[in-house]
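Protein chains: 2
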Amino acid sequence: MLLCDSGNTSMHFYDGSTHTYKQSVEEFDGLIDSCKVYYINVNPDLETTLQQMPNWINLQSYVNAEKYYDGMGIDRIMACEAVDEGIVIDAGSAITVDVMHQGVYGGGFICPGIHAMQASYANISSRLSNSFNFELDLDKMPKNTQDSISYGFLRLLYGEVMRHNKPIIITGGDARHLHKVFQHATVDELLIFKGMKQMIPKIASC
Amino acid sequence: MLLCDSGNTSMHFYDGSTHTYKQSVEEFDGLIDSCKVYYINVNPDLETTLQQMPNWINLQSYVNAEKYYDGMGIDRIMACEAVDEGIVIDAGSAITVDVMHQGVYGGGFICPGIHAMQASYANISSRLSNSFNFELDLDKMPKNTQDSISYGFLRLLYGEVMRHNKPIIITGGDARHLHKVFQHATVDELLIFKGMKQMIPKIASC
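Protein chains in written order, with this note's numbering: chain F, 599 to 804; chain S, 599 to 804.
These are computed hints drawn from the structure, not numbers from a lab.
Certain hints may be false.
[To be verified] Quick list of in silico lysine-lysine cross-link-like pairs, DSSO-like style, CA-CA up to 27 angstroms:
hint, chain 1, residue 1, chain 2, residue 2
1, S, LYS620, F, LYS741
2, F, LYS741, S, LYS764
3, S, LYS778, S, LYS620
4, S, LYS764, S, LYS792
5, F, LYS792, S, LYS741
6, S, LYS792, F, LYS764
7, F, LYS665, S, LYS795
Computed from a predicted structure; not experimentally measured.
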C-alpha cells in the first residue's frame, strides 16, 4: 500500500509506516502498479491520468464533505481529519490555519506562506527585503526594520492562533520554521497522511 | 507656505489649511518659487534636485531622530509626531502600525498593504485570487475562501492593533478601506502634514 499527496508541483508518497519520498509531477511516469495507491490530488492536470490507473484510489470521494466547505483544499481537509481537538497549521506556499472542536470543523483562515510574505515585502521596497527573524521577541514592539516585518507577519499570526487556546499541530514544508514561534506546538510532518490513512478502513484493504 | 510629502512615485502638497493636491514625481518641474516649501522625501533620486532649490527646506533634519530608530521612514515619523497618545496606522503600499505613549515612540510593525496582500494570495493560487471582504465578521472563523483570506489579513491585523487598547488614528491612501474594519478609529488624511506643520515653529517662518 502507498499513500500519495499530490500537489501542483510534487507528489509526496508514504508507505504507511516509516518511509516517505517526493517526486516531481513532471517526472511522474505512473508506474506504480504493485499495490493500491490511496491518493489525494489538487492538480487538475494530473487528475485524468490518475483516474485511468485502476490501482489508484482517490480518497476525496470518501470524505464527509458536509463537515467542511465548498472549495476547501483536500490536503487541508485531510490534515483536519487527523485531529480531533486542536488548531492545525499547514505551512506551505500558503499557511492554512484550521480549528477542530471534538472532531467538528470550526472554520479557518489562510495567510500567504513564508516565501510569499518575504517576496511581498521585498516587492514593496528594497528596504523591506529582509529575511524573517524567527527568534523575534513576541512581547516587544520592534524598533528595527527586520523585526518590524517579522512582527507584522509572525506576531500577528501568533496572536490569532494563541487566542483559540487549543493544542497546536504544525505540518507542511515550513513547519520547522514556524515551530520556533509556536514553541509548544507539535510538529507532525505526516499529518495529512494520517488523515488519509484513517479513510482507508472505509474501503477494501490493499 | 507649502508642505510637500514626497514619495517614490508622487508628491503630495498641502497649503497648510484646506487645499491638498498630488503631482507625479515625473511631472515635477520644481517651479514653486513663490514661498518656502517644507518637505519630507523618501525618494533618493529626487533628493539632489530638492536640495538645490533654495526655498525648499527638508524637515528631516529638525526631527529628534533619537526618539525613533535608524531606517524608519520619515513619513512614518511625521505621522507619529502628530500623535501624543495612540496607535497610528498608515495604510499605503505597506501598512505601518506605530504606538505612541505620551509623546514617546513605543515601536511598531509593518505589514504589506492591501494591494500587495491581494497580489500575494493571487500569486500563490488562482483559487486565492479574491478581493478582500472588509465587512467580514471578525468574531467568526470563516468557512469560505474569500473570508478565509480576508480573515488571514484583516482579522490578524485587527487583533494586534486592538490588543494595545489605545485610540486608533488611520491615515494613507487606503485609510477608508481599513476604517471599515477599525470602525471606532479616527481617519486623518492630513496626519503626516500635521506632524510636519508642528516642526515649522522650530524654523524661521515663511
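Results of checking the hints against the structure:
no.	hint	in the structure
1	S:LYS620 <-> F:LYS741	violated, 31 angstroms
2	F:LYS741 <-> S:LYS764	holds, 19 angstroms
3	S:LYS778 <-> S:LYS620	holds, 25 angstroms
4	S:LYS764 <-> S:LYS792	holds, 20 angstroms
5	F:LYS792 <-> S:LYS741	holds, 23 angstroms
6	S:LYS792 <-> F:LYS764	violated, 45 angstroms
7	F:LYS665 <-> S:LYS795	violated, 57 angstroms
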